[in-house]
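Visitor: Sequence:
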Amino acid sequence: MNVFITGASGGLGRALANECGKRGYNLFLTDINAQGLKSIQLGLERQFGVTVTTAACDLTSDESVDQLLETIDAYGIRFDMLLNVAGLDFEGGFLERARRDIIRIISLNNEATLRITHAVLSRRRENHPFYLLFTSSLASMYPMPLKATYAASKRFLLDIAVALREELKDKQVNVLALCPGGLATTREAMSGIAAQGFWGGATTNPLEHVSRQTINRLLHRGGVLVPGALNRTLTFFGKLLPRRWVAAAIYHRWNKAQKAWSPVEFSAGR
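The sequence shown: position 38 = 716 (my numbering), numbered continuously.
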């Protein structure tokens, strides 16, 4: 199994790479963080004895992606699985962020994801099943004041995953949308979770559990995965209530949390 992972040096990307390494899969890892890639490559090769190839890439750049694809084509690599993990968020209200920050969220979360997905699908192994992951978020289920652009970008990934699952099923492509709650991927992320109090901790998902569950679900069913019983319950009731009520409740929660916490950038790599 040849697996392509974006955002591989970040917390979730690293956890998924580790899970795939345990299963003996060969890995092609990319991220904007070249040093992080080298570190995870050495660890995976030493621990699991799998073949790990890395290439630093800015997925928001056509030129950078084209160079990456030239490397892939030069070695004739064909893939069985693509795990789209790379993503970005900025905390703070819409008007509190610079315009370029808002655009960067869409550029990486949506535009870059489509760019690499189309490219890797065109380079899948012929006459073999292919497994495609879009990393969405629990935030995709609701309109989210103070995280409006991020939540909308994740809703896009959820919708395209569901659509492509139907469109590509006759081509042996299985698609999964992963919609986790909080993930303790960085020190900043953990601070943000703590600032939310009870609900931050209650909706947080252990990385190792999420990565294992994700690969199992992708291999056997696809569809939409919301890890955690509480998160699935919140998703269910969120669909029953008027969206304006949900938005008001979320604003109350996030407004309190962000007053106790300085806005920072979250990135799962590019």
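Bear in mind the hints are in silico, worked out from the structure with no lab data behind them. From the three backbone atoms N, C-alpha and C, an ideal C-beta is built for every residue, glycine too. Do not rely on the hints blindly, as some may be mistaken.
[Said to hold, decoys possible] Simulated DEER-style distance windows between Cβ atoms: (1) R701 <-> P920: 20 to 26 Å; (2) D751 <-> Q850: 20 to 26 Å; (3) L773 <-> R922: 19 to 25 Å; (4) Y753 <-> R921: 46 to 52 Å; (5) G721 <-> L918: 24 to 30 Å; (6) R777 <-> L846: 18 to 24 Å; (7) G754 <-> L846: 40 to 46 Å; (8) Y753 <-> H898: 44 to 50 Å.
Visitor: Are the hints correct? Go through all of them and say.
Guide: Outcome of the hint check:
1. R701 <-> P920: 20 to 26 Å: 44 Å, violated
2. D751 <-> Q850: 20 to 26 Å: Given a distance of about 22 Å, which is inside 20 to 26 Å, the answer is holds.
3. L773 <-> R922: 19 to 25 Å: 20 Å Cβ-Cβ, so the 19 to 25 Å window holds.
4. Y753 <-> R921: 46 to 52 Å: With a Cβ separation near 48 Å, Y753 and R921 satisfy 46 to 52 Å, so the hint holds.
5. G721 <-> L918: 24 to 30 Å: Once the Cβ atoms are compared, 45 Å apart, the range 24 to 30 Å for L918 and G721 is violated.
6. R777 <-> L846: 18 to 24 Å: 35 Å, violated
7. G754 <-> L846: 40 to 46 Å: Since G754 and L846 have Cβ atoms about 23 Å apart, the given range 40 to 46 Å is violated.
8. Y753 <-> H898: 44 to 50 Å: 30 Å, violated
Violated hints, in rising order: 1, 5, 6, 7, 8; the structure is consistent with all others.
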